[in-house]
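For the sequence shown, this note's numbering begins at 98 and goes up steadily by one.
Among these hints, one or two may not hold up.
Here are the simulated SDA-like pairs of lysine to any residue, each with C-alpha atoms no more than 25 Å apart in a straight line [as the list claims (entries may be wrong)]: (1) 182 x 137; (2) 182 x 130; (3) 207 x 139; (4) 182 x 101; (5) 168 x 128; (6) 207 x 183; (7) 207 x 242; (8) 207 x 172; (9) 182 x 197; (10) 207 x 231; (11) 207 x 132; (12) 168 x 133; (13) 168 x 107; (14) 207 x 101; (15) 168 x 182; (16) 207 x 193; (17) 182 x 212; (18) 182 x 242; (19) 182 x 120; (20) 168 x 231; (21) 207 x 197; (22) 182 x 192; (23) 182 x 226; (24) 182 x 216; (25) 207 x 127; (26) 182 x 107; (27) 207 x 194; (28) 207 x 186; (29) 207 x 161; (30) 182 x 114; (31) 168 x 226; (32) 168 x 183; (33) 168 x 214; (34) 207 x 191; (35) 207 x 128; (36) 168 x 139.
Bear in mind the hints are in silico, worked out from the structure with no lab data behind them. Keep in mind the model is a prediction, meaning the values are calculated, not measured.
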Amino acid sequence: MNMDFNLLMNDIVRQARGEMEASGYEQLTSAEEVDQAFARPGTSLVMINSVCGCAGGIARPAAANAVHYDKRPDHLVTVFAGQDKEATAQARMLFGDEHLPSSPSFVLLKDGQPVAEIGRHEIEGHDPMSVITHIQALFEEHCDEL
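Make a model of the complete structure from these sequences and hints.
So, in structure tokens, the structure goes:
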């Protein structure tokens, strides 16, 4: 029974990763990859992914669709909470003391520094369209036109 659960979870994780990659997000799976990504100049949207229902039903669809906008970040990256623990911990450390760890969530960086955040409490219980609108409002404020 436990093996079946592990197979199911592996399949869910594989699907969740695939959704983000298909949407143009780069998977960061180690602390070194996080450091390299955060050192890039310009704007970056970091999506903290997870296997929960609000990630699959709201956050990932919002992440995929929000990028179809006149303004968007230079870089799209994701770390997977509960799966890539080292990468997630490094990202959260670099977000700074003001960051409240939650997953799923989004953090917009400018030159490696957080400028805006959308936490789980702003995702869970909301519809994907309202999260898309929230993300795009951050793009409007902080990102350049394509």
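To see whether the hints hold, each was checked on the structure:
A C-alpha spacing of about 22 Å is found between residue 182 and residue 137, which places the hinted pair at or below 25 Å, so the restraint holds. For the hint linking residue 182 to residue 130, the alpha-carbon distance of about 13 Å falls within 25 Å, and the restraint holds. Using a Cα cut-off of 25 Å, the hinted pair residue 207 and residue 139 holds, with the two alpha carbons roughly 6 Å apart. About 23 Å separates the Cα atoms of residue 182 and residue 101, which keeps this hinted pair within 25 Å; it holds.
At roughly 28 Å between alpha-carbon atoms, residue 168 and residue 128 are farther apart than 25 Å, so this suggested pair is violated. Restraint check for residue 207 and residue 183: the C-alpha separation of about 22 Å stays at or below 25 Å, so the hint holds. Restraint check for residue 207 and residue 242: the C-alpha separation of about 15 Å stays at or below 25 Å, so the hint holds. For the hint pairing residue 207 with residue 172, the CA-to-CA distance comes to about 10 Å; that is within 25 Å, so the pair holds.
Of the supplied pair hints, the one linking residue 182 and residue 197 holds, its CA atoms being roughly 16 Å apart against a limit of 25 Å. With a CA separation close to 17 Å, the supplied pair residue 207 and residue 231 stays within the 25 Å bound. Using a Cα cut-off of 25 Å, the hinted pair residue 207 and residue 132 holds, with the two alpha carbons roughly 14 Å apart. Note on residue 168 and residue 133: the hinted pairing holds, with a Cα-Cα distance of about 23 Å set against a maximum of 25 Å.
Only pairs whose Cα atoms come within 25 Å are accepted, and residue 168 paired with residue 107 is rejected, the gap being roughly 35 Å. Pair hint residue 207 plus residue 101 does not hold up; C-alpha atoms about 42 Å apart against a cutoff of 25 Å. Of the supplied pair hints, the one linking residue 168 and residue 182 is violated, its CA atoms being roughly 31 Å apart against a limit of 25 Å. Distance restraint check for residue 207 and residue 193: the Cα-Cα separation of roughly 14 Å lies within the 25 Å cut-off, and the hinted pair is therefore satisfied.
Restraint check for residue 182 and residue 212: the C-alpha separation of about 23 Å stays at or below 25 Å, so the hint holds. A C-alpha spacing of about 34 Å is found between residue 182 and residue 242, which places the hinted pair above 25 Å, so the restraint is violated. Proposed proximity of residue 182 and residue 120 is supported: the alpha carbons are some 22 Å apart, at most 25 Å. With a C-alpha separation of about 13 Å, the suggested pairing of residue 168 with residue 231 holds against the 25 Å cut-off.
Under the criterion of a C-alpha separation no larger than 25 Å, the hint pairing residue 207 with residue 197 is consistent with the structure, at around 18 Å. Using a Cα cut-off of 25 Å, the hinted pair residue 182 and residue 192 holds, with the two alpha carbons roughly 15 Å apart. For the proposed pair residue 182 and residue 226, the alpha carbon gap of about 29 Å is over 25 Å, so the pair is violated. At roughly 18 Å between alpha-carbon atoms, residue 182 and residue 216 fall within 25 Å of each other, so this suggested pair holds.
About 21 Å separates the Cα atoms of residue 207 and residue 127, which keeps this hinted pair within 25 Å; it holds. The hinted pair formed by residue 182 and residue 107 meets the criterion: a straight-line CA distance of about 15 Å does not exceed 25 Å. For the suggested pair residue 207 and residue 194, the alpha carbons sit about 17 Å apart, so the restraint of at most 25 Å is met. Restraint check for residue 207 and residue 186: the C-alpha separation of about 19 Å stays at or below 25 Å, so the hint holds.
The suggested pairing of residue 207 with residue 161 holds, with an alpha-carbon distance near 20 Å, which does not exceed 25 Å. Under the criterion of a C-alpha separation no larger than 25 Å, the hint pairing residue 182 with residue 114 is consistent with the structure, at around 15 Å. At most 25 Å may separate the alpha-carbon atoms for a hinted pair to count; residue 168 and residue 226 meet this at roughly 17 Å. Between residue 168 and residue 183 the CA atoms are separated by roughly 31 Å; this puts the pair beyond 25 Å, and the hint is violated.
Annotation: proposed proximity of residue 168 to residue 214 holds, straight-line Cα distance about 17 Å (limit 25 Å). For the hint pairing residue 207 with residue 191, the CA-to-CA distance comes to about 13 Å; that is within 25 Å, so the pair holds. For a cut-off of 25 Å, the pair hint linking residue 207 to residue 128 stands: about 19 Å separates their Cα positions. With a CA separation close to 13 Å, the supplied pair residue 168 and residue 139 stays within the 25 Å bound.
Hint compliance for this structure: hints 5, 13, 14, 15, 18, 23, 32 are broken, all remaining hints hold.
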